[in-house]
Every structure is written in C-alpha cells, then in structure tokens.
Amino acid sequence: MELPTLLDLVRGGDELAWEAFVRRFQSRVFGLAYHYTAQAEDARDLAQEVFIRIYQSLSSVPDEDGCLPWIIRVARNACIDHLRRRKARPPLWDLPADEMFDLRSSDQNPEEAHLEAVRKTMVHRALQELSDLNREIILLKEIQGLKVEEIAAILDVPVGTVKSRSNRARLELAQKLTAAGMGGR
Amino acid sequence: MDESFVNPEALTQAILARTSGSPCQRLRALACDFVDGELDGAQEDLVRGHAEHCAACAALVKALAESKAVLPALAEVDPGPWFMQRVLRSTSMRAVEPGFDARAAWRKLMHRPRIALEAAYLGAVAGMMGMYAPVPWRSLELPALVQTVPLKAPAQRVMGQVIQAEQRTSASLRRVFLPRVEASPSANLWQRVSARVRSWLQRLEKVLKPSNAANP
Numbered sequence: 013m014e015l016p017t018l019l020d021l022v023r024g025g026d027e028l029a030w031e032a033f034v035r036r037f038q039s040r041v042f043g044l045a046y047h048y049t050a051q052a053e054d055a056r057d058l059a060q061e062v063f064i065r066i067y068q069s070l071s072s073v074p075d076e077d078g079c080l081p082w083i084i085r086v087a088r089n090a091c092i093d094h095l096r097r098r099k100a101r102p103p104l105w106d107l108p109a110d111e112m113f114d115l116r117s118s119d120q121n122p123e124e125a126h127l128e129a130v131r132k133t134m135v136h137r138a139l140q141e142l143s144d145l146n147r148e149i150i151l152l153k154e155i156q157g158l159k160v161e162e163i164a165a166i167l168d169v170p171v172g173t174v175k176s177r178s179n180r181a182r183l184e185l186a187q188k189l190t191a192a193g194m195g196g197r
Numbered sequence: 023m024d025e026s027f028v029n030p031e032a033l034t035q036a037i038l039a040r041t042s043g044s045p046c047q048r049l050r051a052l053a054c055d056f057v058d059g060e061l062d063g064a065q066e067d068l069v070r071g072h073a074e075h076c077a078a079c080a081a082l083v084k085a086l087a088e089s090k091a092v093l094p095a096l097a098e099v100d101p102g103p104w105f106m107q108r109v110l111r112s113t114s115m116r117a118v119e120p121g122f123d124a125r126a127a128w129r130k131l132m133h134r135p136r137i138a139l140e141a142a143y144l145g146a147v148a149g150m151m152g153m154y155a156p157v158p159w160r161s162l163e164l165p166a167l168v169q170t171v172p173l174k175a176p177a178q179r180v181m182g183q184v185i186q187a188e189q190r191t192s193a194s195l196r197r198v199f200l201p202r203v204e205a206s207p208s209a210n211l212w213q214r215v216s217a218r219v220r221s222w223l224q225r226l227e228k229v230l231k232p233s234n235a236a237n238p
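Those protein sequences? They're chains A and B, same order as listed. Each residue of the first sequence is one higher than the one before, counting from 13 in the numbering used here. Each residue of the second sequence is one higher than the one before, counting from 23 in the numbering used here.
Hints listed in this document are in silico derivations from the structure and should not be mistaken for laboratory results. You may find that some hints are simply not true.
Straight-line distance between alpha carbons at most 25 Å, and here's what the computed DMTMM-like set of lysine to aspartate or glutamate pairs gives [unchecked claim]:
(1) K188(A) - E98(B)
(2) K90(B) - D58(B)
(3) K132(A) - D100(B)
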C-alpha cells in the first residue's frame, strides 16, 4: 500500500492501518535507537516511545518523501533525550553492549550468514567508538540513507559541514575497522 | 650496496621522501570517492596503483568498501516478536482499557503482599473512629452515668472538669461531623439503630429498677 493512502487510513483511526504503519517502520526506528544506545532493551523502550509520539501527532506526519526523515528526526530526538538522561544519571554498573546480529539473517548459507553477522557486529562496535557528530552522520547518511540537506536540517548544521564531515567520519570508521582486523589482505 | 638499488619499492619510497613526501594523505582524500566510484578514470588508476604498493592504504580502501556494503544493512534491526504488541497496547485505546473484571480485581487486591497489614491498619482506624466519633445520644448520657458513682469532693471536681471538656469536645465534633452524617443515607440507619438500642436500654433500666429498689 502506498504511504499516503496508509497515512490517510491511520489518521482516520483504522487500527489495522496503524499496525501496518508500525510494521513498516519498526525495524528502522529500532535500528536507529539501537545504534544510538547500544542497548537492546533501551532501544525497544525508545522505539515504543517514538511510536507513541507519532501516534499522538499523526496530523503532523508528512506524506510521501518527508515521512521517513520526520520519523527519524522524532527518533533521534528521543534518543538524544535518553542519552542526556543516562549521562545525568548513569547506571550503577556498566552495561555490556548487546549483540543483535548473531541469530537473524536471511542468508541461506550458514557460513556466509555467520560472516555477515560478524561484519555487522564489528561495524556496530566501531560505530560506538566514533565521536558523537561522526557517528550521527554515519547513522543518518550511510545507514538511514538520508540526503545531505535532510541531515543538515536534523543536525542544525550547514550542508557543507555535513559533506565535509561525512568523508572524515567514513575514514575514521574505516580506520577503526582496520584496527579491528577488517580489511586485511 | 644501498637497498634502493635492489628493491624498486624502496627506491620509490626514497625518492618520494626526498621530493613530494608520502602520497598516502592524498589517497585518504580520494578514498571515499574511489569507493563510491565518483573518480574519473585517471585518478582511479592512480589510487589503485598506490594501493597495490601500500598495504596500509589498501587495507583502508578495503575497509571502506566493506563498511559501505555493510552499513545500509544496519538500518533495520528486528526488535523482537513482542515489540508490535507492546506498541499496539500503548497506542490502541481498546487494548489499553479492557472491561472491568470485578473478580480479577478482587483477586489482584487479595494477592497484594501487604494486604494483611493494610487490613489491620484500616480496622484499627475504623475502630478508633468508632470510639471517638461524636454520637450525640451517648455523649449526653455519659455525665449521668458518671455522676451516679459516689465520689469525694476533689474527685468530683476533677471529674466535673473532665465531663465538661468531654462535652465541649463532643459539641465541637458534632458541629463538624453531624451535618455530613445526616446528609448521608447511612446516617438514617445509624439513627434508627441508635434509637432502637436506646429504647432497649430504657426498657432494661425499667426492668432492673424495681429489683434494685427491692435490694437496697
């Protein structure tokens, strides 16, 4: 179903349409929250909170192309709020980072599936070591696939900054991956 | 013999060190565009040629290419089987407000860990309120009952003061509580029960009086 049609039904109070909407975006919202927090349970709570916020402001959801950037902006704001709270009141003990890429893979070959999961885990860990701005740019541009202008609007920085930072962030990530053993001959 | 005359790679490095310096920095500037396929043919050949002879730059380019392949796959992560239900429960009004089940509510109430303590507390509070609540008929009879006991003069004076204080307290409490009690339907029931008890007491008193008179 086309997104504008689905949104019209959701705004009309159709619960099946809302379920379809959640199914369409839940993995993406959870993925973003997971890369921000590195904790699966925190990410689930955040993703749930994001969908509640969306539900409460359905009239503000833009149609067509603007929908995904809008959702990502809402999710990003929720994640930033959560990280601020966590920084202000850190947990009593260090929480180990969860590994989410070990079980589920669509690849048929078990060996390939395992290698794919290892690569994803390595990239996820390397992402956590980046600076905040570089990580956000990688998350929004390379992972979520947003346009440079959309990222500039979300981060409230000039477009040129996003462009220049993007290559620097990718190089920093590649260096972390090289140090971790990825990319060797 | 100088190593540079034996190993061509060493010779190249020696010449670069004395002229332009290491070209690795230049490769770093072009690596992302190289991986994205945005370089023109000549620059692409130059980058590829350098990477063939520089292990560090080759590893960097390979890591960039692999991350480029992996990163889009990280956009979606399965949140687990119960996530959808959690979201729907939080957002759907029908799911949030199920019908009221009195039996389930009672069972839930009885299974609370401190139910015994809470019941004892409520019972104690109810008992205290019953003892000290202003009952007009009882408070009026109290002085009469006390005065029937023969006391000496100082004790009578103290008891009189206690009785007066009790009357003042009862009067003030009656002023506070009586309008509310009368307004509620349970007050009528209370009044009826009190009147019935009073009449029984009066009858009992009449019955007992002749026998008291017969045994002075």
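A quick look at each hint next to the structure:
1. K188(A) - E98(B): holds, 22 Å
2. K90(B) - D58(B): holds, 9 Å
3. K132(A) - D100(B): holds, 14 Å
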